[in-house]
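**Q** Going down the list, the sequences are from chains A and B. Just so you know, the UniProt record's numbering puts 15 at position 15 of the first sequence, and the rest follows in order with no gaps. Just so you know, the UniProt record's numbering puts 150 at position 150 of the second sequence, and the rest follows in order with no gaps.
Hint data in this document are derived by calculation from the structure and do not stem from the laboratory. Please read all numbers here as calculations on a predicted model, not as lab measurements. Ideal placement from N, C-alpha and C gives every residue a C-beta, glycine not left out. Each hint should be verified, as a subset may be incorrect.
Stated by the list, open to error - Here are the simulated distance ranges between beta carbons:
no.	chain 1	residue 1	chain 2	residue 2	range
1	A	T276	B	T171	32 to 42 Å
2	B	D218	A	V150	20 to 30 Å
3	B	D218	A	I217	43 to 53 Å
4	B	E250	A	L181	57 to 67 Å
5	A	L9	B	G125	20 to 30 Å
6	B	E31	A	Y257	17 to 27 Å
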Amino acid sequence: MIPYLIATLSVVVIFTLAGLALNLQWGMGGLVNFGLFGFYMLGAYICGLLVVRWGLNPLVAMTLAILTTAAISALVSLISIRLSEDYLAIVTLGFAECIRLFISYEDWLTFGTLGVSGITRPFAGLVSAQWSDLAFIILAISALCVVYVVLSLVSASPFGRLMRATRDDPDIVGSLGRSVLTIRLRSFALGGAILGLAGSLHAFYYGYIDPTQFTPIITAYAFMAVVVGGRGSNPGVLLAAFVLVFVLEGSRFLVDYVPGLDGATLASLRLIAVGTALVVLLIIKPAGFGRERPTVRAGSDLKN
Amino acid sequence: MNMLKVSRRALIGATLLASLAGISLPAVAQEGPIKIGLLAPFSGSGGPYGKEEEEAARAAVAVINDAGGVLGRKLELVVADDETQPTAGVAAARKLIDVDKVVSIAGVWSSAVALAVKPIAIEKGVVLTTNGSADEITQGDNKNLVWRFQTNGKDWGDAFGKAFLKDGVKTASVLVLQTPFTLSTIGPFKDTFTAGGGKILREIPFNPGQPSYRVEVDKILEGDPEAIFVAAYVNELSAVVKEAYRNGYEGKIYAYGNAAGSNGQFVANVGKELAEGVHHTQHVPVENSEAYALYLNRINKPEGTVMSFGAQVFDQIVLTALAIEKAGSTEGAKVGAVFPELVNGEGTSIGDPVKALEALRAGTPFRYSGAASDFRFEANGDQSNLAYGHFIIKDGESQLIDVIR
């Protein structure tokens, strides 16, 4: 059981990172990123290919993947940033599909639909295979802690206030002499960096990546985490990711205890149950688990 | 209000306690049944084949259990859905391995899922028996744990080339679904076909799950090829055949047996009229296979039904059971190591799993002759000695017209 819990926790951590990235971009910044899975895929592929094709140290590959994904995120947001929210959503979705098609067809670089196998994890030489999952989860949780602290600081910082202000009314921010473009660019790039990290961890965890692993469902899960968690609330996203993976994975056990039905029916019922659970969750908690920290509290003075 | 709060908290507490109790149960009892995992595609692009796999696995387990099980213990099948998706497949496989403690995982259908699950199976010493065709699955050091119960893509592609040439086809175009399996058959097909004097007019790749295949079908019919090879599974094949019919295409259509033949699904999708004359090839038992007849009988299907994935899963479970008995152990590495001896041996060929078990216990030399084909194993885990049936659909039924070697 313990190895299974460690494995599942790895999924939770990766899932949380994607949720936190979206919470920054959409939750705080108001930038609808439907193409989240494309950036995530980009991170996974850059990291995986650098390790497998060019034999880079996994940690170096991860760092490069984070930086490149951040840079590309910034560029994509530049193309689309003059467009208002809905258009940005379409552009990011289109970008993500382009990435997926590029990776599927350009097999001289990406191995195409065959996928990249044999991606070694960081510290693979230092720990034996038996402890590999444990070493990975320690790395993943440390990475999550760093991201969480950085995001909490950003959220409480003047820049966090600016982000929320551009989300609520970009015109006012502009009229106060702030450049809405750079604020959005920076939040998109920071989100992209986190997605690059999440993608790299995905590549390390599975050790094998192929285009079928990266579908819009990743975007959907990230949105679920943010919606269930409460838009703008990082602790909420953390809790929501746990709950969502618990529902997704826990339902695998549920089917063991339903007698008299065959596997095909149970598999379909399981997917229906997951959907129902999420709907029920949102009926019980329409605003999500968490709440965004108010920038200014009633009764406090405004010196801060 | 306060009441509600307390009751909700109590509810959450109770749920947590219940889940903790659930996970702290002893995961395995040493003397209970021997657990065999089935990781089948019940949803996603492999969805049409999940049920076929499960029926076959249950039939095989029933056959073995009716004969008293192995090592004096019954077999128990644990079924999981891989959603035809590598990440979901890994999550489901981890549950089978870490929680259910299965000896082997059977029925892995998608090559991509097989490639993703393979490293975990090897690390944990669990036997992995797969229906995936991608050549890469059996490459590398698999520690005798990975066995393919399917032709590899190379040999199947070659069989298609031979079928085209025998039918006198001179020009052909290829429509390829982008998956590791389909791609591994196309190269060898083209090599055989062009070496025999055939000419490939167009090769069009496409992605699964498109709302329409019109553009691809229009392109592939350019130059009026005598035959088209639709390298795809049943859902995409059905859509493409309908589209080609709308375009008035009169030439021959070739497809994989597991797409065009499997369990009549294709005929049900497109109707008898459109399915008429579609060619397909599939590796088959050479003579009448005892094991295949037994399998069809167990799942109440008439003689002559082509259900290749089911037959492969039947073989996977039977061979795993025989291997456990032969190895005298449920340890994956020991079980996997005896796989080749069971099918490559010198003794008489036995197709009935019960007789095979008896022969094993009596110590008489024998070899198991499978339901899906009379295969042998190569050292890397691939099957050899396969024969391919060339079928044509007539009035909604698949008819065997030739056997290609």
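**Q** With reference to the structure, classify each hint as holding or not holding.
**A** Status of each hint after checking the structure:
{"no.": "1", "hint": "T276(A) <-> T171(B): 32 to 42 Å", "verdict": "violated (53 Å)"}
{"no.": "2", "hint": "D218(B) <-> V150(A): 20 to 30 Å", "verdict": "violated (52 Å)"}
{"no.": "3", "hint": "D218(B) <-> I217(A): 43 to 53 Å", "verdict": "violated (31 Å)"}
{"no.": "4", "hint": "E250(B) <-> L181(A): 57 to 67 Å", "verdict": "holds (59 Å)"}
{"no.": "5", "hint": "L9(A) <-> G125(B): 20 to 30 Å", "verdict": "holds (23 Å)"}
{"no.": "6", "hint": "E31(B) <-> Y257(A): 17 to 27 Å", "verdict": "holds (22 Å)"}
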